[in-house]
Each structure stands twice: as C-alpha cells, then as structure tokens.
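Visitor: Here's the letter readout for the chains.
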Amino acid sequence: AQSVAQPEDQVNVAEGNPLTVKCTYSVSGNPYLFWYVQYPNRGLQFLLKYITGDNLVKGSYGFEAEFNKSQTSFHLKKPSALVSDSALYFCAVRDNNDMRFGAGTRLTVKP
Amino acid sequence: DGGITQSPKYLFRKEGQNVTLSCEQNLNHDAMYWYRQDPGQGLRLIYYSQIVNDFQKGDIAEGYSVSREKKESFPLTVTSAQKNPTAFYLCASKPVGDIQSYGYTFGSGTRLTVV
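Note that the protein sequences, when read in sequence, are chains A and B.
Residues 7 to 117 (the numbering used here) make up the first sequence, in order.
Residues 2 to 116 (the numbering used here) make up the second sequence, in order.
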C-alpha cells in the first residue's frame, strides 16, 4: 500500500524566514502526491499536487514543493513565512480509490 | 457556490446513544468519504462510497454505519458500539476516475464529544 510519513510533529520558524515541512513517501509505481493545510476547526484545503512533470510544483499562497525521486521526498517550502501560515499541514498520496494522509505537521510562524 | 456542507458543527453524544452526522455536496462528485481525525494521528478512513447505493469499509469502520441513497448525501451514524467516538469528523468528495483532479474537497468538519 502507498504511504507517506511526516517526520516532524512541529516546525517553528520566524516570520520572513524560509520554511520547510518534510514528507517522505513509499509507493509502488508512480506517486500522486498532495499537500493540504488545515486551520483550526476547519476542513483540509488543497495547496498543491505532483502528478508528473516538473519536480518543482508551485501551489497556493506562495507555497511550493520539490519532488525528489531518489530521496522519495516531497517537501513543502516557502521562501518567506508569514504568521498567517501557522496551521496544520498534511502530506498525502493517492492509493487506488483512497488517499493516505501523513500524521500532520504543525507549523508555527512567530512574529 | 459549490461545496460540501457538514452539520452540525458541534455534536454531543450521551453514552449508549446513536448520532448521525450529515454530509451534503452539490459538486456532482461521485465519490464521498468519511474520515476521523484525532490529535497526532492524522486522518483515518472510516467509510467511502464510489456510487449511489454502494459503500466500502475503510480502516476503522467498526462502530460506524453509512448510507448512500442519493448522490449528494452521505450521512455517517456513530453507533453505541463505537467506544471512543470523541473526535473531529471530516467528509470529503471527488469525481470518480479523475486522477488529475485537485484530490479531495473537504467539508468543514463536525466535532463530536461524548458527555
């Protein structure tokens, strides 16, 4: 079965600094990878996806993610963090008719 | 606007009581999903449905039941057999067969608490 792992429960960065939220995957075949963001007491919102093509994927709110096949990683990045980016971030992978989610990483951006 | 509506936003259940969480979508999506979210555990799949009048168990279906009588509706019943139902429940949908889609569209969730 396909799976993803988010090795960090919590990431703290200062506003204006670059941020990285890590995700590694384990799949058979070509991976279909996603990043979602969740604000308190809300559903998940789509940020970006990798299906095929360029390894650098650009998404919503200035986020981007780099697909690295050799390292089986799909890390989420942003050049300059905002306090409003503070939220829970989920990496996910398509698995037949379902989507498998990581445990989530809580990002805190401090002023 | 198209989207998924979950109700109620907050729900309190007494011991031994069944409760039903509503999920309605007007996106014309074929597939619908129910997830349970607990702190530090991410999302776990309870049930999903690819088509009307058909549904499949997910990873943690015990103590839950669903129905799919209409394309736009996928209610989840938390039965008294579910021993630890306190959690945040998320409903999602997507078009069937569209692997190039934006993944899932999620509702805003229902927070269920046992009192």
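Bear in mind the hints are in silico, worked out from the structure with no lab data behind them.
There may be inaccurate statements among the hints.
Straight-line Cα separation of at most 30 Å, DSSO-like style, residue types lysine-lysine; simulated pairs [stated by the list, open to error]: (1) B:84 <-> A:55; (2) A:64 <-> A:83; (3) B:84 <-> B:58; (4) A:83 <-> B:72; (5) A:55 <-> A:75; (6) B:58 <-> B:71; (7) A:64 <-> A:116; (8) A:83 <-> A:116; (9) A:55 <-> B:15.
One side only, chain B facing chain A, incomplete, derived with CB under 7 Å [claimed, not checked]: (10) 9; (11) 12; (12) 114.
Yeah, the Cβ is synthetic: ideal placement off N, Cα and C, and Gly gets one too.
Visitor: With 7 Å as the cut and Cβ atoms as the points, is residue 12 (chain B) at the interface with chain A?
Guide: Violated, about 13 Å.
Visitor: Is residue 58 (chain B) within 30 Å of residue 71 (chain B), Cα to Cα?
Guide: holds (18 Å)
Visitor: Quick one, are residue 83 (chain A) and residue 116 (chain A) close enough, alpha carbons at most 30 Å?
Guide: holds (17 Å)
Visitor: Go through the hint on residue 114 (chain B) and say holds or violated, using the shortest Cβ distance to chain A against 7 Å.
Guide: For residue 114 (chain B), the interface hint is violated, since the closest Cβ of chain A sits about 13 Å away, which is over 7 Å.
Visitor: When you check the alpha-carbon spacing of residue 84 (chain B) and residue 58 (chain B), does it fall within 30 Å?
Guide: holds (18 Å)
Visitor: For a C-alpha distance cap of 30 Å, please report whether residue 64 (chain A) and residue 83 (chain A) respect it.
Guide: holds (10 Å)
Visitor: Taking the closest Cβ pair, is residue 9 (chain B) under 7 Å from chain A?
Guide: violated (13 Å)
Visitor: Is residue 84 (chain B) within 30 Å of residue 55 (chain A), Cα to Cα?
Guide: Since the Cα atoms of residue 84 (chain B) and residue 55 (chain A) sit roughly 36 Å apart, the hinted pair is violated (cutoff 30 Å).
Visitor: Does residue 64 (chain A) pair with residue 116 (chain A) here, judged by a C-alpha cut-off of 30 Å?
Guide: holds (24 Å)
Visitor: Checking one constraint from the list: CA of residue 55 (chain A) to CA of residue 15 (chain B), max 30 Å. Satisfied?
Guide: violated (41 Å)
Visitor: Under the criterion that the straight-line Cα-Cα distance not exceed 30 Å, is the pair residue 55 (chain A), residue 75 (chain A) satisfied?
Guide: holds (15 Å)
Visitor: CA of residue 83 (chain A) to CA of residue 72 (chain B), is that 30 Å or under?
Guide: violated (37 Å)
Of the hints listed earlier, those the structure fails to meet are numbers 1, 4, 9, 10, 11, 12, in rising order.
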